[in-house]
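Asker: In case you want the letters, here they are:
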Amino acid sequence: MTKGFKIIHRGVLTTYQDLGRHGFRRFGIPLSGAMDAPALRVANLLVGNKETETGLEVTLMGLKMVALSPMLIAVTGGDLDFTINSEYLPPWKNYRLKPGDLLHFRRRKLGLRAYLAVRGGFKASAFMGSASVFQRGLMGDPLCEGELLEIGAAAQRSIPEFEIPQDHLPNLSHQNLLRVIMGPQEERFTEKGILHFLKGSYRIKSQSDRMAYRLEGPKINHRGKADIISEPLMPGAIQVPNDGAPIILMVDGQVTGGYAKIANVIRADISVLAQKIPGEEIQFEAVDLDRAYEAFEQQEKFFLWLRNNLSLT
Amino acid sequence: MSFPICQPVGDQGVLVSYEEKIDPAINERVRVLSEVISGQNFPWLEETVFSYRSVLIIYHPRKIHFPQVVEVIKTIERGLTPAPFGLPGIYEIPTVYGGPFGPDLERVSGVTGLSPGEVINLYSSTVFTIYFLGFLCAQPYLGGLPEKLQVPRLDNPRLHMLAGSVGIGGIQASLLTIDQPSGHNFIGRTFLSLYDPRKMPPSPLKAGDRVVFKPISEEEIPKIKGKDPIRKEKVGP
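In the order they appear, the protein sequences are chains L and D.
Be aware that the first sequence starts at 11, since it is given in the numbering used here, and climbs by one per residue.
Be aware that the second sequence starts at 66, since it is given in the numbering used here, and climbs by one per residue.
Calculated directly from the structure, the hints in this document are not laboratory data.
One or more hints might be untrue.
Unchecked claim - Straight-line distance between alpha carbons at most 16 angstroms, and here's what the computed EDC-like set of lysine to aspartate or glutamate pairs gives:
hint, chain 1, residue 1, chain 2, residue 2
1, D, K86, L, D237
2, L, K215, L, D253
3, D, K128, L, E295
4, D, K128, L, E171
5, L, K209, L, E295
6, L, K103, L, E171
7, D, K290, D, E157
8, L, K13, L, E160
9, L, K235, L, E197
10, L, K133, L, D111
11, L, K229, L, E201
12, L, K103, L, E173
13, D, K279, D, E157
14, D, K139, D, E100
15, L, K16, L, E160
16, D, K128, L, D300
17, D, K128, L, E310
18, L, K235, D, E85
Given only the sequences and the hints, what does the whole structure look like? Please build it.
Answerer: As structure tokens, then:
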């Protein structure tokens, strides 16, 4: 293992994330992992890693760190005004570092979460097969000042300098429409409530984090009570408590819950929401399963294209 | 309507639901269905999660689609045989009741009309059944709270309750495995280790186990701190 970086400033919130813990939800352990999983996968591919390798999820702004050895990194996801030695460098590209280089995410320009992958991956403590930090579950902590980040040995394979062309970028930050599959408790809402949900615009509240996004907008009325017998749920679930204001579960969200759910955000669009900040507005569009599967297929086609272009297949 | 019913949960889940009630027999069937499906090593299966009366089957949408998952579930469900589990364990959870450890003991006493001593006696002589582990971090969902002890949740949930807190929320009993906000009425606290992410499984308790909250004194805390629950005896099916 090599010393990779030293943290100068921790920023608002920076955590190790991979693609999450799989197979432990029956113990009440959430999936966790990168909120914008496609962005982390791209970052890993751009440095020649497996898509599942551990990277950094940089939230909003402020992370400042210094490179301690020569490295290949990639930055993807939101544009947080990333600079190396004060020179602005756009995301969706890989960059070579030399020792002493100063990396800084200065401020939010677009999106909310940036991902930094390093060739060889970050070496962080793993719990249940994943290095994804989930602080409430006592699995790791956010990065702090002075911390040394270690990186793993890289497979010997050269990676070209590469930038994802604009027209190939996953449409992560520019859309405000989230596609949903209605249910499983659609019948618990009034026709008017459902109409509000599908025609209205919802503002993201400040109490939104990796567990859940809280929204405010036209009231989603229930026919009866909002409470149901607690049942399993997953990221993307849109719960509506008694006040009629929806809550969308995200990757650190609870595994079981007792509020009626009007719909679930489709898998391909959860990463869209992950790049939204409080104050932004979103709308919902009901789609059928075939359209949802097709959207997911499209996303995977992008990855096939990327692997081909990086000669990784 | 014929149970179970299967509904889509987004584009990666199938929710399999039985009758809308909290019932040990229904929960048992749910548990068996969940275990049998997860034991099949289906290449499309990501994981299964169950609660009181429902199982969530999470699938990989590039490997299978909803109608095919439902077919598989229905076939397995029709062929289910009674529980393939070993006998449940009955575990003793040493609990310090009242005082700073049970800030709501007085409130529970007031609502139920029982004296604090009677509340403790009734609670600690109840054998609770774990229906499932859920919410976050292996939190057990406990059934069996005597009707006399059913007390509504607090109007204003506390922002920070400590792991190990033992209490009552409506018709449910509760045992917190991690620090969290909660609107339950807490009458005691245990100091056992109930959740450890470095262990597999992360919880010493599992669905189907029975638990008893045995009263101990404050002086006995050091003896139990950080230990596992004590398995007492086997109970028949």
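Asker: Need the status of pair K128 (chain D), E295 (chain L): alpha-carbon distance at most 16 angstroms?
Answerer: Violated, because 25 angstroms separates the two Cα atoms, which is more than 16 angstroms.
Asker: Can the restraint linking K209 (chain L) and E295 (chain L) be considered satisfied, given a maximum Cα separation of 16 angstroms?
Answerer: Holds: K209 (chain L) and E295 (chain L) sit about 8 angstroms apart, inside 16 angstroms.
Asker: Take a quick look at whether K215 (chain L) and D253 (chain L) sit within 16 angstroms of each other, Cα to Cα.
Answerer: holds (14 angstroms)
Asker: Mind checking the alpha carbons of K133 (chain L) and D111 (chain L) for me, to see if they're no more than 16 angstroms apart?
Answerer: violated (20 angstroms)
Asker: Can the restraint linking K86 (chain D) and D237 (chain L) be considered satisfied, given a maximum Cα separation of 16 angstroms?
Answerer: holds (13 angstroms)
Asker: Next pair to validate is K13 (chain L) with E160 (chain L); report whether the Cα-Cα distance is within 16 angstroms.
Answerer: Within the cut-off at roughly 5 angstroms; holds.
Asker: Run the distance test for K279 (chain D) versus E157 (chain D): straight-line Cα separation, threshold 16 angstroms.
Answerer: holds (6 angstroms)
Asker: Between K16 (chain L) and E160 (chain L), does the CA-CA distance stay at or below 16 angstroms?
Answerer: holds (9 angstroms)
Asker: For the pair supplied as a hint, K235 (chain L) and E85 (chain D), confirm whether the alpha-carbon distance does not exceed 16 angstroms.
Answerer: Given that 16 angstroms is the threshold and the Cα spacing comes to 14 angstroms, the pair holds.
Asker: For the pair we were handed, K128 (chain D) and D300 (chain L), check the Cα-Cα distance against 16 angstroms.
Answerer: Distance ~14 angstroms between K128 (chain D) and D300 (chain L) Cα, so the pair holds.
Asker: Within 16 angstroms, alpha carbon to alpha carbon, are K139 (chain D) and E100 (chain D)?
Answerer: The hint holds at about 15 angstroms.
Asker: Is it true that the CA of K290 (chain D) sits at most 16 angstroms from the CA of E157 (chain D)?
Answerer: Since the Cα atoms of K290 (chain D) and E157 (chain D) sit roughly 14 angstroms apart, the hinted pair holds (cutoff 16 angstroms).
Taken one by one, the earlier hints fail for this structure at numbers 3, 4, 10, listed in ascending order.
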